[in-house]
Each structure stands twice: as structure tokens, then as C-alpha cells.
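Undergrad: Residue numbers (the working numbering), protein chains in the order written: chain W, 24 to 194; chain L, 658 to 787.
Please note: incorrect hints may appear among the correct ones.
[To be verified] Result set (DSS-like, lysine-lysine): computed pairs, CA atoms no more than 25 Å apart in a straight line:
1) 33/W - 72/W
2) 189/W - 671/L
3) 783/L - 671/L
4) 78/W - 66/W
5) 671/L - 699/L
6) 189/W - 699/L
Derived by calculation from the structure, the hints in this document are not laboratory data.
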Amino acid sequence: MTTFITGGSKCGKSRLAETILSGFPGTKLYIATMQPDGAEAEKIIARHKQQRAGKGFQTVERYTDLAGLAVPEGCGILLECLGNLCANELFGGSGCPEQTIPAGLEHLRSLAEVLVIVSPEISSGGTDYPPETCHYLRSMGHIHQFAAAMADTVIECVYGIPVVHKGVFPC
Amino acid sequence: MVLIIGGAYQGKRKFAASRFGIAETALLDGASCRPEEALCAKGIFRYQLLIRQLLHAGTDVLEWTKMLLRQDPDRIILMDEIGCGIIPMTAEERLWRETVGRCGCLLAENASTVIRLFCGIPTVLKGELP
Numbered sequence: 024m025t026t027f028i029t030g031g032s033k034c035g036k037s038r039l040a041e042t043i044l045s046g047f048p049g050t051k052l053y054i055a056t057m058q059p060d061g062a063e064a065e066k067i068i069a070r071h072k073q074q075r076a077g078k079g080f081q082t083v084e085r086y087t088d089l090a091g092l093a094v095p096e097g098c099g100i101l102l103e104c105l106g107n108l109c110a111n112e113l114f115g116g117s118g119c120p121e122q123t124i125p126a127g128l129e130h131l132r133s134l135a136e137v138l139v140i141v142s143p144e145i146s147s148g149g150t151d152y153p154p155e156t157c158h159y160l161r162s163m164g165h166i167h168q169f170a171a172a173m174a175d176t177v178i179e180c181v182y183g184i185p186v187v188h189k190g191v192f193p194c
Numbered sequence: 658m659v660l661i662i663g664g665a666y667q668g669k670r671k672f673a674a675s676r677f678g679i680a681e682t683a684l685l686d687g688a689s690c691r692p693e694e695a696l697c698a699k700g701i702f703r704y705q706l707l708i709r710q711l712l713h714a715g716t717d718v719l720e721w722t723k724m725l726l727r728q729d730p731d732r733i734i735l736m737d738e739i740g741c742g743i744i745p746m747t748a749e750e751r752l753w754r755e756t757v758g759r760c761g762c763l764l765a766e767n768a769s770t771v772i773r774l775f776c777g778i779p780t781v782l783k784g785e786l787p
């Protein structure tokens, strides 16, 4: 079962993702994609760690190359988030997130019993940006379409309210 | 007229091709087509960039869009939603953004069908899918 959760900044995506996995009885992995490169990132990471403390997740830090990550079969995975992963791949990794991230998502889906993918919605704030930012927007759009097509359930989080675009609300 | 909206890169052109049978290559690009070409086109994508062209030329965009609607009511128009996010720094960008919003309302009002694409998933906001 795969759920794709997107939505604006600080709108409850992570909390919902954690709730979906709360009743999962097996091994639960939290795949963290944000690189701790500065005080602001460290603060965000600390807040997320605190939010999921005691919820039974093992944290795996993975900034690029999801397809190469070994995960146990039948586990529960919370992947957070595609926005960081895409930036890491585009600006410091493979350079082609539109290939590597879909391959990585397929890899996780093939092994996980429950996969929850979190990603920021960034497509409706205009396109008047420098070329590298436009490239990032385009990559994210394609990756979101892939993730939504692959997922059983697609949810847009609107200030904590889940809006289901595909499938059935999982919890 | 059918209006297909959504954020950037959400699958609008692919959807227009699969559900309305208009080939992606048959859609005119609002970024590069001449406004007079757009008047004869069956479909236009990136209408928000045609709006930018019209603004640069000093055209009254709402009046021009009304003329477009009168000429061929069976057109398909694809336009990005760009009005969320931060208000732009420059007056020119603010005018463009606001004009796109007003045109979006005008197009939606005159459309028989309005569809919003989100991560490739269509939601019908007005009318029905064919």
C-alpha cells in the first residue's frame, strides 16, 4: 500500500504520514533526505525528530540514490521528502532526478508493505525563476505525476485537512 | 470552450491529448506564437505567456480574450495557475500575475468545462468530461 502526501509548507503532511504508519506492527523506517547544512536545517531536523520520538521509527539518512538503499522486505517506510531529494539529486547527485527518483520509489514500493511518501507542493507559485529553479520545478512536476500514478492513495494536506485526490483515506 | 488549469508541469498537455484527442503538437505555445495565430488555433497552451506577450504589446488583454472566445467557442485553452506564492517584487510582474488571475476568471466563466490537473490527476471543476 502506497500513499503519496503533498501540500503547502507546514500543513501537517508529516503528522499525517506518521499517523498512517502508527498501527504498523513491523519494522518502521524513516528515510530522511534533508542534509544538515546549517542552523535552519538542523532546527527543522530536530523538530521532526521530536515529533516522531517514541513512534517506533528507525531513522535512515539518505540524500541521494534511493534505488541503492537496502531496506528489509515487508517493512513500513516513511520517506520525507521528495523536495529535498530532488534538490540533492539535481544539484549534488546524479543530475537527473526525473530518472533516479522514480526508480528509487519503485524500489521502495517493491520491498515495503506500507510506503508513505511526503513531498511539498510547489507548482502554483509562478514560473518566473532562474533557469536552475525552473529545471527543479519541472523535475518536481514529473516526479509528482509519477508518484501519484504509482500510489494507491494521493492526499493533498490543506492546513491539516486531508483532501483525497485518489483512492481511499488510509486511516 | 474547455479550460484546463493546474500548477506548472502537472500533466495538462498529456491530459488534453488523451481525453480531448488534440495532439500535443497541435497546441500552440503561448510563449512563442503570434497573437493572430492564436486566434485561429484549436488549442493553446501556456496561455499565461500569451498574456505576457499581449501586455508587452500594450493590448487590453481582457478585451482580446473576449474576442478570442467569440471567434471560436470550441477551443481548448491550457493555462498554469501562477497566483499562489509570494507577490512579485516588480510592478510589471504584479500586473502580469493579476491579469492572469482576471483572465482565468473570464475563461472559466465562459468555459463549458473546467478541469484542474494535480499531479496528473484531473478534477472537474465545472461541466463534465467528454
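Undergrad: Would you mind marking each hint as holding or not holding in the structure?
TA: The hints, checked one at a time:
1. Among the hinted pairs, residue 33/W with residue 72/W is consistent with the structure: their alpha-carbon atoms are about 15 Å apart, no more than 25 Å.
2. Restraint check: the Cα-Cα separation between residue 189/W and residue 671/L comes to about 18 Å, which is no more than 25 Å; the hinted pair holds.
3. Only pairs whose Cα atoms come within 25 Å are accepted, and residue 783/L paired with residue 671/L is accepted, the gap being roughly 20 Å.
4. Taken as a hint, the residue 78/W and residue 66/W pair is honoured in the structure, with Cα atoms around 20 Å apart against an allowance of 25 Å.
5. The hinted pair formed by residue 671/L and residue 699/L meets the criterion: a straight-line CA distance of about 16 Å does not exceed 25 Å.
6. Among the hinted pairs, residue 189/W with residue 699/L is inconsistent with the structure: their alpha-carbon atoms are about 31 Å apart, more than 25 Å.
Checked against the numbered hints given earlier, this structure breaks only hint 6.
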